[in-house]
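S.K.: Letter by letter, the chains look like this.
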Amino acid sequence: MATTLKGRDVIAIGGLTKDEIELVLAQAARFEERCQEARELDLLPGRVLATLFYEPSTRTRLSFETAMHRLGGDVISVAEGARSSSVAKGETLADATRVVSSYADVIVQRHPAVGSAQEAASGATVPVINGGDGVGEHPTQALLDLYTIERERGTLNGLRIGLVGDLKHGRTVHSLSRALSHWKPVLTFVSPPALAMPAEISEELRKQEVTVNETDDLAAAMRQCDVLYVTRIQKERFADPAEYDRLKGSYILDRALVERTNPELTIMHPLPRVNEIAADVDSLAGAAYFRQAANGVWTRMAILALVLGEQL
Amino acid sequence: MATTLKGRDVIAIGGLTKDEIELVLAQAARFEERCQEARELDLLPGRVLATLFYEPSTRTRLSFETAMHRLGGDVISVAEGARSSSVAKGETLADATRVVSSYADVIVQRHPAVGSAQEAASGATVPVINGGDGVGEHPTQALLDLYTIERERGTLNGLRIGLVGDLKHGRTVHSLSRALSHWKPVLTFVSPPALAMPAEISEELRKQEVTVNETDDLAAAMRQCDVLYVTRIQKERFADPAEYDRLKGSYILDRALVERTNPELTIMHPLPRVNEIAADVDSLAGAAYFRQAANGVWTRMAILALVLGEQL
Amino acid sequence: MATTLKGRDVIAIGGLTKDEIELVLAQAARFEERCQEARELDLLPGRVLATLFYEPSTRTRLSFETAMHRLGGDVISVAEGARSSSVAKGETLADATRVVSSYADVIVQRHPAVGSAQEAASGATVPVINGGDGVGEHPTQALLDLYTIERERGTLNGLRIGLVGDLKHGRTVHSLSRALSHWKPVLTFVSPPALAMPAEISEELRKQEVTVNETDDLAAAMRQCDVLYVTRIQKERFADPAEYDRLKGSYILDRALVERTNPELTIMHPLPRVNEIAADVDSLAGAAYFRQAANGVWTRMAILALVLGEQL
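Protein chains in written order, with this note's numbering: chain F, 1 to 312; chain W, 1 to 312; chain D, 1 to 312.
If you are wondering where the hints come from, they were derived from the structure by calculation, not from laboratory data. Watch out, some of these pointers could steer you wrong.
Said to hold, decoys possible - Between beta-carbon pairs, the in silico distance windows are:
1) 312/W with 38/D: 18 to 28 angstroms
2) 39/F with 114/W: 42 to 52 angstroms
3) 45/W with 184/F: 49 to 59 angstroms
As the structure is a computational prediction, the values presented were derived from the model and not from experiment. Even glycine gets a Cβ: it sits at the ideal position worked out from N, Cα and C.
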């Protein structure tokens with residue numbers, strides 16, 4: 001049977017097979033191509049997307065809403081957080097989503113609690129896409145990251161990919177590492193020891209024939225990688241603020257460092273960045289993070305269309 | 001002259017005649033039927049709905065916005081409450097609505113103050129629909145309740161309808177009772193004595209040939225009714241919290257109670273529910289509350305189209 | 001070369017030449033005319049407007065969004081202020097706007113900080129329109145004011161225009177005065193001495209052959225003007241509250257005052273008004289402030305279409 005996502009919830013990147021991920025990436029590429037020719041595809045006329053954001057995430061919400069508009073559909077939205085929702089009055093997420101299922105054809109939910117996307121999906125009668133559930137999952141971020149890597153490097157197979165920053169708490173780097181395992185990468189984890197990748201994740205990756213290196217030497221890692229995925233180190237993660245101040249400079253990219261170590265490096269970041277990538281990096285050919293943000297639209301167009309049973 | 005609502009404000013259910021209510025219900029039925037065939041009706045292209053929500057009401061706002069999208073129109077919205085509105089700067093509601101009248105073709109307003117919908121309508125030059133004005137009116141809730149009763153029972157005439165919960169403060173049950181009086185129901189009010197239906201409403205209903213019973217025995221009422229409309233009893237309404245704790249269990253429906261008393265019962269609730277209907281009731285054939293929420297879309301499509309002079 | 005605004009940012013009214021302003025006004029007139037015939041122009045199908053409001057401004061946001069809908073385009077929005085934006089997490093405005101540039105075809109930004117619109121534009125890859133940057137600029141307000149004056153009086157040339165209220169802090173009156181200088185008006189500034197027009201602005205105007213009068217006598221000014229532009233005097237601008245109480249009555253218009261001094265006067269106000277124009281003025285033929293608000297839609301349709309390279 002042909003691979004399909006029609007009617008499916010998208011809760012975790014681990015819930016998608018390699019074939020399903022490749023379907024999404026192939027569709028995203030077609031959407032990107034077609035949107036160069038036509039501003040709006042008339043693929044989902046009269047369909048309604050509900051974006052239910054119990055915590056704010058401007059970027060995720062706006063890119064999903066843009067995707068739906070570019071597909072010719074409409075959007076209803078709860079953008080202002082939990083204060084104003086019926087859930088604040090004691091309603092379960094399952095009830096709330098079941099009601100919204102009678103308005104919308106597909107739902108994107110963002111919520112601070114791990115497991116909330118699954119809870120919402122249990123009540124819904126239309127597909128639910130997880131737009132982030134706390135430190136849990138954010139599957140469309142992982143998909144747009146994969147799409148970006150493939151677009152920037154021409155393939156996903158066998159790449160040398162570095163992940164930098166807070167690897168202990170980072171939902172994004174956990175999901176991406178696991179998703180990448182389908183393509184047998186060499187992963188290099190770069191972090192202060194206190195923020196290292198959890199051992200169970202490294203172990204899980206090695207079992208799937210992923211080569212895993214760990215280091216706290218950013219420059220060395222940059223020399224050995226095709227792609228560097230940078231994330232932020234947050235001061236509040238350190239018990240000792242002095243430790244943060246001592247370390248933070250070790251995980252900041254600037255143009256001189258890139259040019260000295262690896263001018264060919266593809267540099268990614270989920271954004272927003274604060275100071276972990278200097279502005280002088282932006283004009284380098286390999287600085288891919290703004291293209292990465294743009295790729296969120298194509299990837300989310302693909303997901304929305306596929307779960308609604310449409311494709312290009 | 002044919003019944004019409006073109007150009008009309010919809011402030012209170014009492015402002016609509018029986019003929020006008022029946023027009024809305026008949027149109028809602030046609031919209032429901034047509035939306036099974038076509039996802040979007042091209043009835044209101046280029047028309048703009050403004051949803052002005054000075055207090056949040058996710059359900060009411062999203063169902064109106066869905067209705068407008070399904071009619072082919074567009075939506076502008078103030079969803080974030082009074083904090084951000086020009087009214088917070090000292091502008092009158094009449095001025096605010098007059099300005100929005102120059103943007104939108106129809107306005108839905110939600111506001112915590114009784115009388116605010118009428119005040120807004122006094123300034124508007126386009127139709128204003130009351131989306132709830134505090135303990136005042138919420139006419140489209142009453143309309144979708146009537147539509148649901150008719151859909152579930154095949155008729156509105158002469159039904160035996162129970163209303164349960166806080167009947168003293170409940171805007172919803174007051175409006176619905178009055179609206180139902182056109183169809184000569186037998187109404188049974190079920191509440192603790194301290195939260196009974198106000199005597200003047202019961203009196204008014206009896207004058208219109210409605211049979212009114214009052215009881216605090218839920219099971220007995222269920223045996224004698226075709227439809228049970230459940231609302232929440234809020235702890236904060238009781239002077240004595242111990243009284244609340246003693247009573248609350250008496251007004252909770254579960255599956256066993258329904259099956260023991262009246263398996264044919266149609267069960268409604270304006271939602272959100274907290275614990276007044278147990279989750280095990282949801283799968284009963286008569287559990288109509290999620291269908292009731294869905295009916296909000298058809299009913300609001302009817303209202304929007306009719307006040308804008310369009311109909312199916 | 002023909003005058004064009006294609007691809008341009010609109011940050012300050014002073015950044016537009018007289019020819020460019022006249023292009024906007026002429027287009028606005030055509031949009032107003034065409035919208036009498038057709039409810040929606042199919043000029044911008046598939047284009048997306050992003051409204052990024054880091055502080056609330058219901059009127060500005062809703063009229064831009066209405067304008068985009070009436071042009072056949074779509075809207076994505078951050079309406080709830082800075083709390084929920086990525087900028088609150090430490091992202092620069094330039095980064096935020098660069099990301100949104102990959103979603104939207106044009107951006108309207110409102111932000112409390114002077115210079116923020118220019119900062120946003122520096123990152124954007126699509127046109128940025130300033131929807132107000134604190135006490136800085138609000139160019140589309142000036143454009144709709146000019147459009148209203150021309151519509152109400154038949155011309156912009158050589159009019160006698162009074163500006164009343166807090167002329168010291170008023171962004172609106174500063175921008176409008178400067179914009180009007182192209183048409184050689186006689187300007188009369190009416191304010192308490194403590195809230196007078198800054199001397200450098202009066203000086204600048206005089207150098208451009210504008211006749212400038214200053215007075216604190218409202219009635220006298222009304223007798224000598226074709227147009228009176230009223231703004232609010234805010235109590236918090238006075239060091240001495242008693243001074244405010246003594247003065248406030250001197251700058252309030254009521255019907256009797258208009259009829260006594262100049263029944264032909266065109267009366268404008270950027271709205272919201274609090275009490276500086278009495279409600280009994282509203283029904284006078286010259287009371288133009290609600291028409292002025294409506295003109296915001298035509299003017300903003302013109303701006304959006306022009307920066308996107310479309311015109312009627």
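S.K.: 42 to 52 angstroms was suggested as the range; check whether the CB atoms of residue 39/F and residue 114/W agree with it.
M.R.: Because 47 angstroms falls inside the window, the suggested range holds.
S.K.: Indicate whether the distance between the beta carbons of residue 312/W and residue 38/D respects the range 18 to 28 angstroms.
M.R.: holds (23 angstroms)
S.K.: Mind checking the hinted window 49 to 59 angstroms against the Cβ distance between residue 45/W and residue 184/F?
M.R.: Holds - the Cβ-Cβ distance for residue 45/W and residue 184/F, about 52 angstroms, lies within 49 to 59 angstroms.
Of the numbered hints listed earlier, not one is contradicted by the structure.
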